[in-house]
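**Q** Protein sequence lines, in the order shown, are assigned to chains A and B.
Numbered as in the working numbering, the first sequence ends at 153 without a single skipped number.
Numbered as in the working numbering, the second sequence ends at 1157 without a single skipped number.
I should point out that these hints are in silico values taken from the structure, not numbers from a laboratory.
Accuracy of the hints is not assured; some may be wrong.
Stated by the list, open to error - The list that follows gives simulated cross-link-like pairs (lysine-lysine, DSSO-like), each with its CA atoms no further than 30 Å apart:
{"#": "1", "chain 1": "A", "residue 1": "K100", "chain 2": "B", "residue 2": "K1083"}
{"#": "2", "chain 1": "B", "residue 1": "K1083", "chain 2": "A", "residue 2": "K110"}
{"#": "3", "chain 1": "B", "residue 1": "K1061", "chain 2": "A", "residue 2": "K140"}
{"#": "4", "chain 1": "A", "residue 1": "K83", "chain 2": "B", "residue 2": "K1060"}
{"#": "5", "chain 1": "B", "residue 1": "K1060", "chain 2": "A", "residue 2": "K140"}
{"#": "6", "chain 1": "A", "residue 1": "K120", "chain 2": "B", "residue 2": "K1083"}
{"#": "7", "chain 1": "B", "residue 1": "K1083", "chain 2": "A", "residue 2": "K109"}
{"#": "8", "chain 1": "A", "residue 1": "K140", "chain 2": "B", "residue 2": "K1083"}
{"#": "9", "chain 1": "B", "residue 1": "K1082", "chain 2": "A", "residue 2": "K120"}
{"#": "10", "chain 1": "A", "residue 1": "K140", "chain 2": "A", "residue 2": "K100"}
{"#": "11", "chain 1": "A", "residue 1": "K83", "chain 2": "B", "residue 2": "K1064"}
{"#": "12", "chain 1": "A", "residue 1": "K140", "chain 2": "A", "residue 2": "K110"}
{"#": "13", "chain 1": "B", "residue 1": "K1082", "chain 2": "A", "residue 2": "K109"}
{"#": "14", "chain 1": "A", "residue 1": "K140", "chain 2": "B", "residue 2": "K1082"}
{"#": "15", "chain 1": "B", "residue 1": "K1082", "chain 2": "A", "residue 2": "K100"}
{"#": "16", "chain 1": "A", "residue 1": "K83", "chain 2": "A", "residue 2": "K104"}
{"#": "17", "chain 1": "A", "residue 1": "K98", "chain 2": "A", "residue 2": "K140"}
{"#": "18", "chain 1": "B", "residue 1": "K1082", "chain 2": "A", "residue 2": "K110"}
{"#": "19", "chain 1": "B", "residue 1": "K1082", "chain 2": "A", "residue 2": "K104"}
{"#": "20", "chain 1": "A", "residue 1": "K140", "chain 2": "A", "residue 2": "K104"}
{"#": "21", "chain 1": "B", "residue 1": "K1064", "chain 2": "A", "residue 2": "K140"}
{"#": "22", "chain 1": "B", "residue 1": "K1082", "chain 2": "A", "residue 2": "K98"}
{"#": "23", "chain 1": "A", "residue 1": "K120", "chain 2": "A", "residue 2": "K110"}
{"#": "24", "chain 1": "A", "residue 1": "K110", "chain 2": "A", "residue 2": "K98"}
{"#": "25", "chain 1": "B", "residue 1": "K1061", "chain 2": "A", "residue 2": "K83"}
{"#": "26", "chain 1": "A", "residue 1": "K104", "chain 2": "B", "residue 2": "K1083"}
What the hints assert, rightly or not - To list a few chain B residues with every Cβ distance to chain A over 10 Å, as calculated:
{"#": "27", "residue": "S1062"}
{"#": "28", "residue": "R1105"}
{"#": "29", "residue": "C1110"}
{"#": "30", "residue": "D1127"}
{"#": "31", "residue": "A1129"}
{"#": "32", "residue": "T1155"}
What the hints assert, rightly or not - Using C-beta positions, here's what the derived DEER-type ranges look like:
{"#": "33", "chain 1": "A", "residue 1": "I152", "chain 2": "B", "residue 2": "R1153", "range": "21 to 31 Å"}
{"#": "34", "chain 1": "A", "residue 1": "S65", "chain 2": "B", "residue 2": "R1153", "range": "23 to 33 Å"}
{"#": "35", "chain 1": "B", "residue 1": "H1121", "chain 2": "A", "residue 2": "K100", "range": "39 to 49 Å"}
{"#": "36", "chain 1": "B", "residue 1": "R1051", "chain 2": "A", "residue 2": "T108", "range": "35 to 45 Å"}
{"#": "37", "chain 1": "A", "residue 1": "N63", "chain 2": "B", "residue 2": "R1051", "range": "24 to 34 Å"}
{"#": "38", "chain 1": "A", "residue 1": "T108", "chain 2": "B", "residue 2": "V1054", "range": "36 to 46 Å"}
{"#": "39", "chain 1": "A", "residue 1": "S65", "chain 2": "B", "residue 2": "Y1144", "range": "16 to 26 Å"}
{"#": "40", "chain 1": "A", "residue 1": "E96", "chain 2": "B", "residue 2": "N1100", "range": "26 to 36 Å"}
As the structure is a computational prediction, the values presented were derived from the model and not from experiment.
Heads up, the beta-carbon is just placed ideally off N, CA and C, and yes, glycines get one too.
What follows is each chain in one-letter form.
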Amino acid sequence: EDQVTQSPEALRLQEGESSSLNCSYTVSGLRGLFWYRQDPGKGPEFLFTLYSAGEEKEKERLKATLTKKESFLHITAPKPEDSATYLCAVQALETSYDKVIFGPGTSLSVIP
Amino acid sequence: ETGVTQTPRHLVMGMTNKKSLKCEQHLGHNAMYWYKQSAKKPLELMFVYSLEERVENNSVPSRFSPECPNSSHLFLHLHTLQPEDSALYLCASSQDMSVTYYGYTFGSGTRLTVV
Chain A
42 EDQVTQSPEA LRLQEGESSS LNCSYTVSGL RGLFWYRQDP GKGPEFLFTL YSAGEEKEKE
102 RLKATLTKKE SFLHITAPKP EDSATYLCAV QALETSYDKV IFGPGTSLSV IP
Chain B
1043 ETGVTQTPRH LVMGMTNKKS LKCEQHLGHN AMYWYKQSAK KPLELMFVYS LEERVENNSV
1103 PSRFSPECPN SSHLFLHLHT LQPEDSALYL CASSQDMSVT YYGYTFGSGT RLTVV
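Next up, chain B with everything else stripped away, as it sits in the complex (with noise of 0.2 Å):
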């Protein structure tokens, strides 16, 4: 398979569960990334990985936690979330950190609905 692959596609998850968010890239990428995309607001930077080090923790709340093991593997592991949590969670992959030139390659995203 090709590209980038996230799953769940969909996730409803209570305000006490524990849940993760996998991706996986099989482009050889060297960089990954996840965004938020909320309704009718930009996509927000929340975490990036180069090579597998946290490059930058874009003040995400520590409910929020990112594990990238090696350069093909991204989680986000999720706990006592809050409902405006709720939103499309999106990965993303790129060449290097000069994501100018290819631009990202993003996954489909997972849907979260906190209830």
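Chain A with its partners taken away, still in its complex shape (with noise of 0.2 Å):
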């Protein structure tokens, strides 16, 4: 079964203390591994989209890396406004039409 899982739940940094999120999948095929940010009383805004194992893009302050198992958003010397809610998600390959699996998303907090 195709499975999104992240951690860690909920993070809280001090401003510019960099650290990472992790989003680990399991699927039998992947399509492509998506990343967005999704503010309070707002919808998720796509960030990234990243389809093979070793691809890496950036935006920002943050820098998202794929492997076969899962992916990393890295977060460099992160800001108040960095602040949101993370999620991943990711497309199969043998799916018949756009169904795309979410994860539960990581909670971050930058203090100022």
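Assembly of the complex is requested from the two constituent chains, each provided in isolation within its own frame, with the hints serving as guidance.
**A** Set out below in structure tokens:
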């Protein structure tokens, strides 16, 4: 069964304290792995798509990496405005339509 | 107005009421989706529409009834809901079924409370 887990469930960082969020997935064949950011009271906002092991993508202070079983979202020198819930999702190759499976998310708080 | 717009933002309804959620996108996308987001649980896919045709009904109870009259509008009709249906209902769109390249564009959601 296709599955996505994320850790930690919640993370508090001091401003400038770099860290990583983890996304572990089980899927028979990976079409794509996605990262989204969700602010309170809003819908998720698309950040990245990763397609194959070894791939990396960057956006401002965020860097996403992918292996065959997990993805990491590295946050370098975070700022309070990076506080949000970060969602990971995967799409399997064998799906006949656009089914995307989401993880439960990591709630990030960056303290000034 | 651009992006994906959902109305209402908040809805409180009794278990015997009938209400509808509305979603509108001005992005020229061909696929639209309903997701349910409950506290501490992952987003759950409910319905998928591609070019106004329903592609997927992900084992959703019949008290939820979707409607897609055209590629810009999506509705979710609600009737005789249960308290456990209280959640954030998110509408999303994508350019086509190839969501991988650009991801979904989500609306801000409708916070539904069933009393």
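**Q** Next pair to validate is K1064(B) with K140(A); report whether the Cα-Cα distance is within 30 Å.
**A** Status holds; Cα separation ~22 Å.
**Q** At the C-beta level, are S65(A) and Y1144(B) separated by a distance inside 16 to 26 Å?
**A** Distance hint for S65(A), Y1144(B) holds at roughly 25 Å.
**Q** Going straight from one Cα to the other, do K1083(B) and K110(A) come out at no more than 30 Å?
**A** holds (21 Å)
**Q** Holds or violated: K140(A) and K104(A), Cα atoms, limit 30 Å.
**A** Holds, because 25 Å separates the two Cα atoms, which is no more than 30 Å.
**Q** Does the alpha-carbon distance linking K140(A) and K110(A) stay inside the 30 Å limit?
**A** holds (19 Å)
**Q** Can the suggested window of 39 to 49 Å be confirmed for the beta-carbon pair H1121(B) and K100(A)?
**A** At roughly 42 Å between Cβ atoms, K100(A) and H1121(B) fall inside 39 to 49 Å, so the hint holds.
**Q** According to the definition I'm using, a residue is off the interface if its beta carbon is farther than 10 Å from all beta carbons of the partner; does D1127(B) meet that for chain A?
**A** Per Cβ check, D1127(B) is outside 10 Å of chain A; nearest 19 Å; holds.
**Q** When you check the alpha-carbon spacing of K1082(B) and K110(A), does it fall within 30 Å?
**A** Answer holds: K1082(B) to K110(A) is near 23 Å, not above 30 Å.
**Q** Within 24 to 34 Å or not, the Cβ separation of N63(A) and R1051(B)?
**A** Between N63(A) and R1051(B), where Cβ atoms are some 33 Å apart, the hint holds.
**Q** Starting from K140(A), check that the Cα of K1083(B) is at most 30 Å away, please.
**A** Holds: K140(A) and K1083(B) sit about 17 Å apart, inside 30 Å.
**Q** Indicate whether the distance between the beta carbons of E96(A) and N1100(B) respects the range 26 to 36 Å.
**A** Given about 29 Å between the Cβ atoms, the range holds.
**Q** Going by Cβ atoms, does R1105(B) stay more than 10 Å from chain A at every point?
**A** holds (22 Å)
Checked against the numbered hints given earlier, the structure satisfies every one of them.
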